[in-house]
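**Q** Residues per chain are reported as follows:
There are 2 protein chains.
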Amino acid sequence: MDSAEFRRAAHQMVEYIIEYMENIKNRQVLPSIEPGYIRTLLPGEAPENPEKWENILGDIERVIMPGVTHWHSPHFHAYYPTGNSWPSLLADMLSDAIGCIGFTWMASPACTELETLMMDWLGKLLDLPKCFLSEESEGVGGGVIQTTASEATLVCMLAAKTKTIQKYRALEPQWKESEILERLIVYGSDQAHSSVERAALLAGVKYRSLQSNREYSLEGNAVKQAIKKDRDEGLIPFFVIVTLGTTPSCAFDKLDEIGSVCEEEEIWIHVDAAYAGSAFICPEYRHHLNGINLADSFNFNPHKWLMVHFDCSALWLKNSKDLVDAFNIDPVYLRHDKQSKTLDYRHWQIPLGRRFRSLKLWFVLRIYGAEGLRKHIRKQCNLAKAFSDLVHSDDRFEIPVQSQLGLVCFRLKGDNELSKELLKRINERKKIHLVPSVLRGIYVIRFAVCSRLTEIEHVEFAWNEIRECV
Amino acid sequence: MDSAEFRRAAHQMVEYIIEYMENIKNRQVLPSIEPGYIRTLLPGEAPENPEKWENILGDIERVIMPGVTHWHSPHFHAYYPTGNSWPSLLADMLSDAIGCIGFTWMASPACTELETLMMDWLGKLLDLPKCFLSEESEGVGGGVIQTTASEATLVCMLAAKTKTIQKYRALEPQWKESEILERLIVYGSDQAHSSVERAALLAGVKYRSLQSNREYSLEGNAVKQAIKKDRDEGLIPFFVIVTLGTTPSCAFDKLDEIGSVCEEEEIWIHVDAAYAGSAFICPEYRHHLNGINLADSFNFNPHKWLMVHFDCSALWLKNSKDLVDAFNIDPVYLRHDKQSKTLDYRHWQIPLGRRFRSLKLWFVLRIYGAEGLRKHIRKQCNLAKAFSDLVHSDDRFEIPVQSQLGLVCFRLKGDNELSKELLKRINERKKIHLVPSVLRGIYVIRFAVCSRLTEIEHVEFAWNEIRECV
Numbered sequence: 001m002d003s004a005e006f007r008r009a010a011h012q013m014v015e016y017i018i019e020y021m022e023n024i025k026n027r028q029v030l031p032s033i034e035p036g037y038i039r040t041l042l043p044g045e046a047p048e049n050p051e052k053w054e055n056i057l058g059d060i061e062r063v064i065m066p067g068v069t070h071w072h073s074p075h076f077h078a079y080y081p082t083g084n085s086w087p088s089l090l091a092d093m094l095s096d097a098i099g100c101i102g103f104t105w106m107a108s109p110a111c112t113e114l115e116t117l118m119m120d121w122l123g124k125l126l127d128l129p130k131c132f133l134s135e136e137s138e139g140v141g142g143g144v145i146q147t148t149a150s151e152a153t154l155v156c157m158l159a160a161k162t163k164t165i166q167k168y169r170a171l172e173p174q175w176k177e178s179e180i181l182e183r184l185i186v187y188g189s190d191q192a193h194s195s196v197e198r199a200a201l202l203a204g205v206k207y208r209s210l211q212s213n214r215e216y217s218l219e220g221n222a223v224k225q226a227i228k229k230d231r232d233e234g235l236i237p238f239f240v241i242v243t244l245g246t247t248p249s250c251a252f253d254k255l256d257e258i259g260s261v262c263e264e265e266e267i268w269i270h271v272d273a274a275y276a277g278s279a280f281i282c283p284e285y286r287h288h289l290n291g292i293n294l295a296d297s298f299n300f301n302p303h304k305w306l307m308v309h310f311d312c313s314a315l316w317l318k319n320s321k322d323l324v325d326a327f328n329i330d331p332v333y334l335r336h337d338k339q340s341k342t343l344d345y346r347h348w349q350i351p352l353g354r355r356f357r358s359l360k361l362w363f364v365l366r367i368y369g370a371e372g373l374r375k376h377i378r379k380q381c382n383l384a385k386a387f388s389d390l391v392h393s394d395d396r397f398e399i400p401v402q403s404q405l406g407l408v409c410f411r412l413k414g415d416n417e418l419s420k421e422l423l424k425r426i427n428e429r430k431k432i433h434l435v436p437s438v439l440r441g442i443y444v445i446r447f448a449v450c451s452r453l454t455e456i457e458h459v460e461f462a463w464n465e466i467r468e469c470v
Numbered sequence: 001m002d003s004a005e006f007r008r009a010a011h012q013m014v015e016y017i018i019e020y021m022e023n024i025k026n027r028q029v030l031p032s033i034e035p036g037y038i039r040t041l042l043p044g045e046a047p048e049n050p051e052k053w054e055n056i057l058g059d060i061e062r063v064i065m066p067g068v069t070h071w072h073s074p075h076f077h078a079y080y081p082t083g084n085s086w087p088s089l090l091a092d093m094l095s096d097a098i099g100c101i102g103f104t105w106m107a108s109p110a111c112t113e114l115e116t117l118m119m120d121w122l123g124k125l126l127d128l129p130k131c132f133l134s135e136e137s138e139g140v141g142g143g144v145i146q147t148t149a150s151e152a153t154l155v156c157m158l159a160a161k162t163k164t165i166q167k168y169r170a171l172e173p174q175w176k177e178s179e180i181l182e183r184l185i186v187y188g189s190d191q192a193h194s195s196v197e198r199a200a201l202l203a204g205v206k207y208r209s210l211q212s213n214r215e216y217s218l219e220g221n222a223v224k225q226a227i228k229k230d231r232d233e234g235l236i237p238f239f240v241i242v243t244l245g246t247t248p249s250c251a252f253d254k255l256d257e258i259g260s261v262c263e264e265e266e267i268w269i270h271v272d273a274a275y276a277g278s279a280f281i282c283p284e285y286r287h288h289l290n291g292i293n294l295a296d297s298f299n300f301n302p303h304k305w306l307m308v309h310f311d312c313s314a315l316w317l318k319n320s321k322d323l324v325d326a327f328n329i330d331p332v333y334l335r336h337d338k339q340s341k342t343l344d345y346r347h348w349q350i351p352l353g354r355r356f357r358s359l360k361l362w363f364v365l366r367i368y369g370a371e372g373l374r375k376h377i378r379k380q381c382n383l384a385k386a387f388s389d390l391v392h393s394d395d396r397f398e399i400p401v402q403s404q405l406g407l408v409c410f411r412l413k414g415d416n417e418l419s420k421e422l423l424k425r426i427n428e429r430k431k432i433h434l435v436p437s438v439l440r441g442i443y444v445i446r447f448a449v450c451s452r453l454t455e456i457e458h459v460e461f462a463w464n465e466i467r468e469c470v
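Residue numbers (full-length UniProt numbering), protein chains in the order written: chain V, 1 to 470; chain Z, 1 to 470.
Just so you know, not all the hints are guaranteed correct.
As the list makes no split between identical chains, a pair holds if one copy fits it or if it spans any two.
[What the hints assert, rightly or not] Calculated pairs, BS3-like style, for lysine-lysine (alpha carbon to alpha carbon, straight line, at most 25 Å): (1) K385 x K224; (2) K167 x K321; (3) K338 x K430; (4) K206 x K224; (5) K431 x K338; (6) K228 x K431; (7) K375 x K52; (8) K338 x K420; (9) K124 x K206; (10) K229 x K176; (11) K385 x K130; (12) K420 x K385; (13) K321 x K413; (14) K167 x K124; (15) K420 x K224; (16) K52 x K379.
Everything labelled a hint here was simulated from the structure, so no lab data went into it.
Same shape as in the complex, but just chain V:
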């Protein structure tokens, strides 16, 4: 394929993408195929000789689309949103073409510097304290783009682990490293995302799930009691995850309370606001972030709700040195002259290589402006409110937990089995897609406003579909 063929093919692809997005609402949101379908449609090995572009283009509709779950369909209400927008697509085209691997500043200065600046832009939109902004903290704090919130959690947990081991090696020189390690314990709410427990598993430290309150929020007191109990038993609590906007019900842990407890106890607080974080650009939702000055690290996913497509998970550190200390290995072939005056993001993450992802933030922030993004958040929150009004209007249903932002958790009154059966029917009809969660034994169906294309008629469509399935 030469550049002339690419031009033709790229223009076809642009048309295909536009057609896909414009008519996505007409596609069945969940695929009808069975496991193993793709092997029945494709050969078992790579072609020996080049194939024509037209064959590949044709195979998108024949082979790929029948197996796609359409995350950007306005009928997709599962999990949480994943971002997408025209400027984000444009930015990734450029990023792919530049194709630099930004592990050090020298490997492509623009890749590092735009990322630092975009994380400052974004941090200011969220009104993060200055200690998290690179310029304002003179490089002590700052932001970095990670792949996912799960990776951000792991990265911070590993940094906190290293820091704590160093601290106790000084405090208790007679202890072996393994003796410190076996005492280390991490806390999260019983509503925290599964990736937190998984991070503890991978980091090789103990994990304790603490009971949240009636609103599914973790309180300072629960953390305080756990610390006392575990300290009495010789353990070392060193890391607490505070979730703002949990996956099961979008509950908010009490960051300010937990922050005060952990400040006294010198415990690392990592704030996971993967979904809800985007909403904090609106002043009316910013209060959820009160107490953020007491946290050590804060993460949310612009690739969820800020019209930037996956992956782009934003992580800020109060002291980036904690990361560098835990991750720094420095071989000759990666050294460069400007090392003392720059930051090398390779020390801030698990992989060595990294893409030029800040372009997506740059394009999206400029095309929509802060006001455009706030409008998007508010619109989706209003659509969720409209859905909850519909649920309230029908006596057979209940909403057992307060709806927050773009999520409504609802159920049929009565036994869990009723709602379970209802959801099964809904997903079997494949016209809309939702997933469940279980809130302390209560089975609920999660309705999330996901797609950028969702309008009130899609909310009404979903509600009618749900009622038809009852």
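Given the structure of chain V, go ahead and fit chain Z onto it with the hints provided.
**A** Chain Z alone, transformed into the frame defined by chain V:
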């Protein structure tokens, strides 16, 4: 931005990208800017109101390009290649538009199934043993796309760690987990990539760097002796990394020898062929992979040398259950009906979310065909041979280590300082870009054939530039 504006903007972007690639040879490969340059060109915060697309498009040349190190320039000879090609760009446009998060089969079956099939296609091209192919091993073995080779190493090390801990808990029930952990030790060659030591650091296990032989290859005997010595001291060697194509000099460890040693000792062998792996699609280079049947996991980066752009790191496991055991956490909102009949790649990696990356492999393998990719590898090896002939023709230079594939390590005869000063001058002139390595005290300059666009005239250009700098 609506779809009509996107159409116009995307067409402009396609033209920009074509122009960029066609004239990249005329751009200065290394940027001239100083640290902090981007803040002098951009505002300190995000715009409140939407900006025009034209402003953004114009800023690519004004703001971004001055800070780009052009990895795809035919004058870029640093590190190892990173892939790029027209079909790969097209595939990522589609992947971004579909924008599914493929953590489970259900979350987008095509994303999971195409990946499994493409890893089989690729495995067959490399003539991997059947135990690594999904279909042939009935799902026991199989492949998965990781972000980077460093991540693949960590993932396998964590799986091996979990497996070993389980084994010793059964063997020595009186030992605490921390007692097993403090005995665990990983081996790699003194030529292994820094990410191996880093993975051990993150996994919290000991790491021993073993001395390679005169050709910088790790031999079976060195591993055997280390195992004996460490076992005698009560340690548990559990993981050996075998590098095929080291970063400093593209040396190949003796996989078959190390394989025999580790098979007896039940130690996990992970093969890292990040760069060189692509060459194994050519029969004349496949012999480097002899002994692969004795390995537990094998990884190489199609995003390096197989015209697929970053990220696409291919990892195969002989027993995928080892990964799932180490990574499996199973919350309600991620469960689905077909779970027993499918594989969920979320258990095969560190992050939860994942992009639809197999599209890049699919497009590239079809557009070039196996034969087209072999041609690409052979052409680049021939260019490296041409460069080494030029070096040999000049008495002032020497090539102290055998050149392999697309890499030539050369130096000025005499003191290291001479070559160090030479490289400094070369990179200061910014017409070509190279990086050094140090081979047991000998400073060498690495000349790697990187860009898909490199032709013989660029090799000659580089050689003339080097001679001018002497």
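**Q** Pop the pair K206 and K224 into one bin, within, between, both or neither, using alpha-carbon distances up to 25 Å.
**A** within (17 Å within a copy, 34 Å between copies)
**Q** Up to 25 Å between alpha-carbons, please classify K431 paired with K338: within, between, both or neither.
**A** between (56 Å within a copy, 18 Å between copies)
**Q** At most 25 Å between alpha carbons: which applies to K375 and K52, within, between, both or neither?
**A** Only across copies: K375 and K52 sit 18 Å apart there, 44 Å inside one copy, limit 25 Å.
**Q** Give the relationship of K124 and K206 under a CA distance limit of 25 Å: within one copy only, between copies only, both, or neither.
**A** Neither: 35 Å inside a chain and 42 Å across chains, both beyond 25 Å.
**Q** Evaluate K420 and K385 at a C-alpha cut-off of 25 Å and name the case that applies: within, between, both or neither.
**A** Answer is within: at 23 Å inside a copy they meet the 25 Å cutoff, but 66 Å across does not.
**Q** State whether the alpha carbon distance between K385 and K224 is at most 25 Å within one copy, between copies, both, or neither.
**A** Neither: 35 Å inside a chain and 66 Å across chains, both beyond 25 Å.
**Q** Please sort K167 with K124 into within, between, both or neither, judging by C-alpha distance up to 25 Å.
**A** neither (33 Å within a copy, 50 Å between copies)
**Q** Please work out whether the CA atoms of K167 and K321 approach to 25 Å or closer within one copy, between two copies, in both situations, or in neither?
**A** within (15 Å within a copy, 37 Å between copies)
**Q** Under a CA distance limit of 25 Å, which applies to K420 and K224: within one copy, between copies, both, or neither?
**A** neither (37 Å within a copy, 57 Å between copies)
**Q** Regarding K385 and K130, is the shortest C-alpha distance of 25 Å or less found within a copy, between copies, in both, or in neither?
**A** neither (34 Å within a copy, 54 Å between copies)
**Q** Measure nothing new, just compare the shortest in-copy and cross-copy C-alpha distances for K321 and K413 to 25 Å and report within, between, both or neither.
**A** Answer is neither; intra-copy 52 Å and inter-copy 41 Å both fail.
**Q** At most 25 Å between CA atoms: does that hold for K52 and K379 within a copy, between copies, both, or neither?
**A** Result: close only across copies, 23 Å inter versus 44 Å intra.
The earlier numbered hints that this structure contradicts are 1, 6, 9, 11, 13, 14, 15.
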